[in-house]
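S.K.: Sequence:
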Amino acid sequence: MRTAAILFVLLVLSLSGFAQSLSIPGFNQAYRDATGYWGECPMGTGGCPDRIETAGCLITSLAAVLDYYRISLAVPAAESCTGSAQFGMDPGILNAWLRTHGGYGRCSTDPVGDCCLEWSAVTQVELMQYENAASTGISSTARAEIDRALGRGYPVIAGVHWGAHCHGTTTQSENCHWVVITGAAGTTYTITDPYNRDVHDPHGVHTTLNHGVFGAYTIDRFVVAAGPVPARPEEAIRLTLSPGGLPGEVEVTLSVRTGGEYKIFVQVVDPAGNVHYARRPAPGSTRMELSGRLAPLLPTPIYLAPGEDRIGSIVLHKSGEY
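For what it's worth, numbering that gives the first Met the number 0 labels the leading residue of the sequence shown as 0, then goes sequentially.
Worth flagging that the hints you see were computed from the coordinates, not collected in a lab.
Quick reminder that beta carbons are idealized off the backbone N, C-alpha and C, glycines included.
Check before you lean on any hint, since a few could be wrong.
Claimed, not checked - Restraint ranges, calculated between C-beta atoms of paired labels, are given here:
#1 F213 / S290: 32 to 42 Å
#2 A132 / W161: 11 to 21 Å
#3 A132 / N209: 42 to 52 Å
#4 A133 / T170: 16 to 26 Å
#5 A132 / D32: 18 to 28 Å
#6 P48 / D197: 37 to 47 Å
#7 H210 / P75: 22 to 32 Å
#8 S107 / Q128: 40 to 50 Å
#9 G182 / P300: 39 to 49 Å
#10 G136 / G101: 35 to 45 Å
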């Protein structure tokens, strides 16, 4: 039996280095459309009482990062907060996907249900976790890791605090809120804050750590999200897909303004909404293997000359389903 799958050839990753300013519009966790989507969507599993608008800063930041990497997820109507099938990336889609893919677990602070993100469920990108050892400011080690990530085009999701306690009567004093670090700005960093008080605006707030929505932020824990970095506009990369001569065959053509070495990532979303990455098992092979882990199509970068370059055909196959 053959089933339909959705294929993406991600814009390639140039290995020549990146400026320390990432374009991440971000989402507003408090956004509500006419139906209340996505801010009013319930989070977690097992009776978790949280909603995205009040407790969804982390998954909203994560959704922004996945959107930066052009990652889309499919959610069936029965699992969607809207009651309709969805495909794409926003906090509501990510939340619905996490709820059915083991993406929530129990935290000590949860009064009931499983409300905390299970990082291990997110396999679409590589996640590397670090701590800022400084009680104020940023330690030299943390700064070096953040700068290295930004220099490679990798956004950083950071847990922050801005006072002695997070809020209300809680005794929690760290990781009170989560933001996306997008670039360097002198001695501080630019961020996308996922909390925007304008519930009619779906976008986060672009600001700096020193001027967060809730105050001057200090980084506690931070997570580098590594993936196939989208091409910069000035690289002028054009991608063309066309049917091949065999069932399931896709011919791939790239046109680049600037020649250089590139890595290519092929992403496949199956009918259940699971994301796979295609890789070629042997040089010269057109048959692909699919993995749930981030992996490039080829083990080594390829050189693309300026102008149009047909990089060949690929045929996707997995247990007779593709």
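S.K.: Kindly confirm whether 11 to 21 Å is satisfied by the beta carbon distance between A132 and W161.
M.R.: holds, 18 Å
S.K.: That 18 to 28 Å hint for A132 and D32 (C-beta), does it hold up?
M.R.: violated, 42 Å
S.K.: With respect to the beta-carbon atoms only, verify the hint that A133 and T170 lie 16 to 26 Å apart.
M.R.: holds, 21 Å
S.K.: With 35 to 45 Å as the target window, see if G136 and G101 comply at their CB atoms.
M.R.: holds, 36 Å
S.K.: Taking the CB of G182 and the CB of P300, does the distance hold inside 39 to 49 Å?
M.R.: Check failed, 25 Å falls outside 39 to 49 Å.
S.K.: Starting from the hint 42 to 52 Å, judge whether the C-beta atoms of A132 and N209 obey it.
M.R.: The hinted range 42 to 52 Å is violated for A132 and N209, with Cβ atoms some 20 Å apart.
S.K.: May I ask you to test the hint 37 to 47 Å on the CB atoms belonging to P48 and D197?
M.R.: violated, 25 Å
S.K.: Hint says 22 to 32 Å; check whether the CB-CB distance for H210 and P75 agrees.
M.R.: violated, 41 Å
S.K.: I want to verify a distance hint. Is the separation of the beta carbons of S107 and Q128 within 40 to 50 Å?
M.R.: Violated: the Cβ-Cβ distance is about 18 Å, outside 40 to 50 Å.
S.K.: A range of 32 to 42 Å was offered for this pair. Does it hold for the Cβ distance of F213 and S290?
M.R.: holds, 40 Å
Checked against the numbered hints listed earlier, the structure breaks hints 3, 5, 6, 7, 8 and 9; every other hint is satisfied.
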